[in-house]
Amino acid sequence: MKGHVNAIVVGSGAGGGCAAKELAEAGMSVVLFERGGWVTLDDHDHDELISQRTSVLGNAHGPDNERYRRVRVSPDGKSRIVLPNDYAYGNIAATVGSGTVSYGAMGWRFMPEDFKMKTTYGHVEGSTLDDWPITYEDMEPFYEKAEWEVGVSGDDSKNPFGPPRKKDFPMPPFPLNREGKLLHKTAKKMGLNPFPIPMLRNSVSYEGRPKCYKMRTCVGFACPVNAKNGSHNTVIPAAIATGNCELRINCQVVKITQNSKGHLTGIEYYDDKMQKQTQTADVIVLAASATETPRLMFNSASKHHPNGIGNRYDWLGRNLQGHAYCGAQGIFENETFDDRGSGACVAISDYNHHNPGIIGGAVLANEFTRLPYMFSKIRPPKSPRWGLEHKKFQAKNYKRLGMVMGPYQEIPSFKARVDIDPKVKDAWGMPVARLSGHGHPRDFEGTDFLSKKAEEWLIQAGAVETWRKGHHKHKRLSGGVHQAGTCRMGKDPQSSVCDKYCRVHETSNLFIADGSPLVTNGGFNPALTIMANGFRVGDYIAKEWKNGNKFKA
Amino acid sequence: MKNKVKRAEFLQAGVIGASAIGTGGLLSLPKFLGYKEHSPWRFFTDEEGLVLEDILEQIIPTDEWLGAKDAGVGNFIDKHLMGINKVHQSTYRKGLVSIGESCKLIYKKSFSEMSFKDQHAFLTMMEKGKLSRKAQKDQPDTVAFWEPNEDRKFFNMLVDHCMQGYYGSPRHGGNKDYVSYRMIDLDYPFIIGQNRYEENS
Chain A
0 MKGHVNAIVV
10 GSGAGGGCAA
20 KELAEAGMSV
30 VLFERGGWVT
40 LDDHDHDELI
50 SQRTSVLGNA
60 HGPDNERYRR
70 VRVSPDGKSR
80 IVLPNDYAYG
90 NIAATVGSGT
100 VSYGAMGWRF
110 MPEDFKMKTT
120 YGHVEGSTLD
130 DWPITYEDME
140 PFYEKAEWEV
150 GVSGDDSKNP
160 FGPPRKKDFP
170 MPPFPLNREG
180 KLLHKTAKKM
190 GLNPFPIPML
200 RNSVSYEGRP
210 KCYKMRTCVG
220 FACPVNAKNG
230 SHNTVIPAAI
240 ATGNCELRIN
250 CQVVKITQNS
260 KGHLTGIEYY
270 DDKMQKQTQT
280 ADVIVLAASA
290 TETPRLMFNS
300 ASKHHPNGIG
310 NRYDWLGRNL
320 QGHAYCGAQG
330 IFENETFDDR
340 GSGACVAISD
350 YNHHNPGIIG
360 GAVLANEFTR
370 LPYMFSKIRP
380 PKSPRWGLEH
390 KKFQAKNYKR
400 LGMVMGPYQE
410 IPSFKARVDI
420 DPKVKDAWGM
430 PVARLSGHGH
440 PRDFEGTDFL
450 SKKAEEWLIQ
460 AGAVETWRKG
470 HHKHKRLSGG
480 VHQAGTCRMG
490 KDPQSSVCDK
500 YCRVHETSNL
510 FIADGSPLVT
520 NGGFNPALTI
530 MANGFRVGDY
540 IAKEWKNGNK
550 FKA
Chain B
0 MKNKVKRAEF
10 LQAGVIGASA
20 IGTGGLLSLP
30 KFLGYKEHSP
40 WRFFTDEEGL
50 VLEDILEQII
60 PTDEWLGAKD
70 AGVGNFIDKH
80 LMGINKVHQS
90 TYRKGLVSIG
100 ESCKLIYKKS
110 FSEMSFKDQH
120 AFLTMMEKGK
130 LSRKAQKDQP
140 DTVAFWEPNE
150 DRKFFNMLVD
160 HCMQGYYGSP
170 RHGGNKDYVS
180 YRMIDLDYPF
190 IIGQNRYEEN
200 S
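Respectively, the protein sequence lines represent chains A and B.
If you're matching positions, the first sequence starts at 0 in numbering that gives the first Met the number 0 and goes up one per residue.
If you're matching positions, the second sequence starts at 0 in numbering that gives the first Met the number 0 and goes up one per residue.
To be clear, the hints were calculated from the coordinates, so they are not data collected in a lab.
The beta carbon of each residue, even a glycine, is placed where N, CA and C say it ideally should be.
A couple of the hints might just be wrong.
[As the list claims (entries may be wrong)] Derived contacts from chain B toward chain A, CB cut-off under 10 Å, selection only: (1) Trp40; (2) Val86; (3) His119; (4) Asp159; (5) Gln163.
[What the hints assert, rightly or not] Derived pair list, reagent style SDA-like, types lysine to any residue, alpha-carbon separation capped at 20 Å: (6) A/Lys391 with B/Trp64; (7) B/Lys152 with A/Pro383; (8) A/Lys424 with A/Ser78; (9) A/Lys376 with B/Leu185; (10) A/Lys395 with B/Thr61; (11) B/Lys68 with A/Leu387.
I would like the entire structure built from these sequences, with the hints used as guidance.
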């Protein structure tokens with residue numbers, strides 16, 4: 000595609016891929032930018048140390064340590080430069096499909112309460128907890144679209160807390176593995192409501208892609224047989240097939256360009272030969288992640304947008320959220336491990352909402368397969384971390400672990416934020432993202448509550464020794480692969496960054512389609528919600544376009 | 000870095016040597032330049048490498064399965080200090096010196112000369128950060144060799160890197176012959192299509 004186009008989408012992950020497809024199908028000419036290239040499992044094989052889950056020897060799917068860095072400010076105010084393979088970087092993969100290539104692929108819908116947290120729980124002191132400007136009912140058709148177009152296996156008929164749905168999942172649920180069966184049986188005995196986790200993986204062959212064959216190395220890895228569904232193997236190929244979408248890979252977008260009146264005209268980027276290029280368009284959709292999207296808006300400051308685009312009231316980059324993971328681990332007398340990946344298969348939604356004294360909650364589920372290096376850090380408190388006893392524990396208990404975790408829905412904090420560092424620059428000479436602040440102190444009440452419930456579940460299942468995880472009180476800044484919230488959508492332009500269609504305030508043609516607009520992050524993995532929202536934003540732009548809106552100022 | 004320079008010199012020496020073939024000097028040239036033939040180490044000196052391996056053997060000792068030393072974990076650490084872990088080079092170089100000085104002061108021996116039990120006791124002190132704090136009276140004081148908490152942090156890094164080398168993929172230089180996977184009875188490497196499982200069970 001040469002010259003001016005109708006739309007630019009920056010970022011080919013969960014949200015960007017879905018938005019690009021909607022625009023291309025509506026007949027708009029689209030250029031989809033991706034900073035990485037294509038990856039396959041063969042690039043790094045089943046290598047635990049270079050995966051997206053454990054990146055001690057590098058990120059399998061990027062970004063690389065040579066060109067990228069961020070600044071992290073710890074709660075005590077000290078700044079340090081962090082590289083992409085450091086956990087503190089809060090990385091999301093740099094590849095076509097981004098995290099949807101390597102994710103654990105849980106395909107959750109948020110619950111109706113998750114869209115109206117302030118109405119449900121009231122004002123929380125020191126927090127920016129709020130309702131979304133849209134409801135679950137507004138999102139429902141797009142959840143359905145995401146489930147069918149990307150592909151989800153599941154059955155929530157046994158989940159009384161499941162959000163209302165008009166249409167079933169397109170594929171049956173996955174069977175439970177040994178750990179899952181044990182926990183399922185136990186939960187029923189305890190009067191809880193266990194059900195199979197909805198997965199963006201194929202339990203049967205789907206749309207020409209094969210069924211999953213249950214690799215141990217699933218989360219953190221590309222699928223060797225293409226049975227895990229992400230934007231890279233569903234919506235992006237569909238967008239390209241329309242003939243209206245060009246995918247431009249290995250291109251680093253650095254700035255949103257403007258005319259003399261401050262109207263946004265396109266983007267500036269560096270191509271794969273490090274040459275600076277520009278691309279103009281009528282509409283710009285940012286889907287570069289909840290860290291990189293606000294960074295790009297900060298880096299595009301001009302006399303018309305002096306504090307960065309969409310930042311007149313200092314809300315850009317605020318409310319950075321991920322999840323406060325918590326739960327429990329336990330050792331069983333008999334083996335729980337049967338090597339049927341991805342591992343996570345059974346969940347309960349009993350503690351997502353309406354827990355006494357707790358704001359929100361989380362789904363609790365058994366965990367993805369723990370690989371050997373990761374397991375070397377899983378020990379009861381006070382158990383040796385090295386030496387012969389540590390080794391014997393590894394040999395004896397690797398297959399006897401049970402683990403239940405939950406993504407506690409964080410209470411948003413205005414001070415948990417992304418902005419840009421005044422000094423540090425990346426390989427393209429652009430100021431890097433700076434992450435600072437910390438989560439809300441009352442998160443602890445939720446994680447403490449949930450980790451006790453998780454431990455109880457393991458004890459009832461027969462664990463001989465159990466201990467809790469993630470229920471600590473110390474200050475922490477979240478984000479990571481579930482990062483969200485930094486370009487909040489809202490009704491009031493003075494307390495949000497974009498409107499309910501995720502159009503940035505005071506612009507006519509800049510939209511956001513990643514995790515950034517999410518007001519709150521649900522007690523669930525957010526990928527399906529980001530996909531659904533990508534479809535919703537794309538649908539709105541496409542309809543407006545068809546109605547003759549050219550998104551001029 | 001020292002070894003890297005030596006290698007560059009060695010390569011140059013190779014060019015000179017090649018032109019000197021026939022005079023019989025090729026094999027002796029590197030020695031003449033101070034290059035240690037057959038050194039297994041990229042980053043570490045031979046002396047550092049030996050101490051490191053004895054520390055690693057404490058972290059994952061030999062039992063019916065290979066310990067960290069024989070599983071090649073030293074090689075793993077050495078390899079990645081010349082790659083993605085190059086930022087940790089000075090931590091290792093200085094840390095090994097501080098360990099040597101501390102052992103000399105407390106045990107009047109080098110780490111490698113100490114008994115297995117004393118080595119374990121020493122590393123336990125390091126783990127607890129005791130070497131960088133002022134000692135109890137009548138105990139030798141090693142605080143001069145360490146920044147506050149440096150002993151604990153370096154030990155944590157040693158443990159972490161040791162676990163990576165022993166339990167990570169053999170392609171990175173450790174976990175010789177898949178020893179840790181055999182120990183925990185994991186079939187590995189994956190043979191796609193052969194070690195998968197029956198339907199719906």
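Exercise. For this structure, which hints from the list above don't hold up?
Worked result: Hint check: 1 fails alone, others pass.
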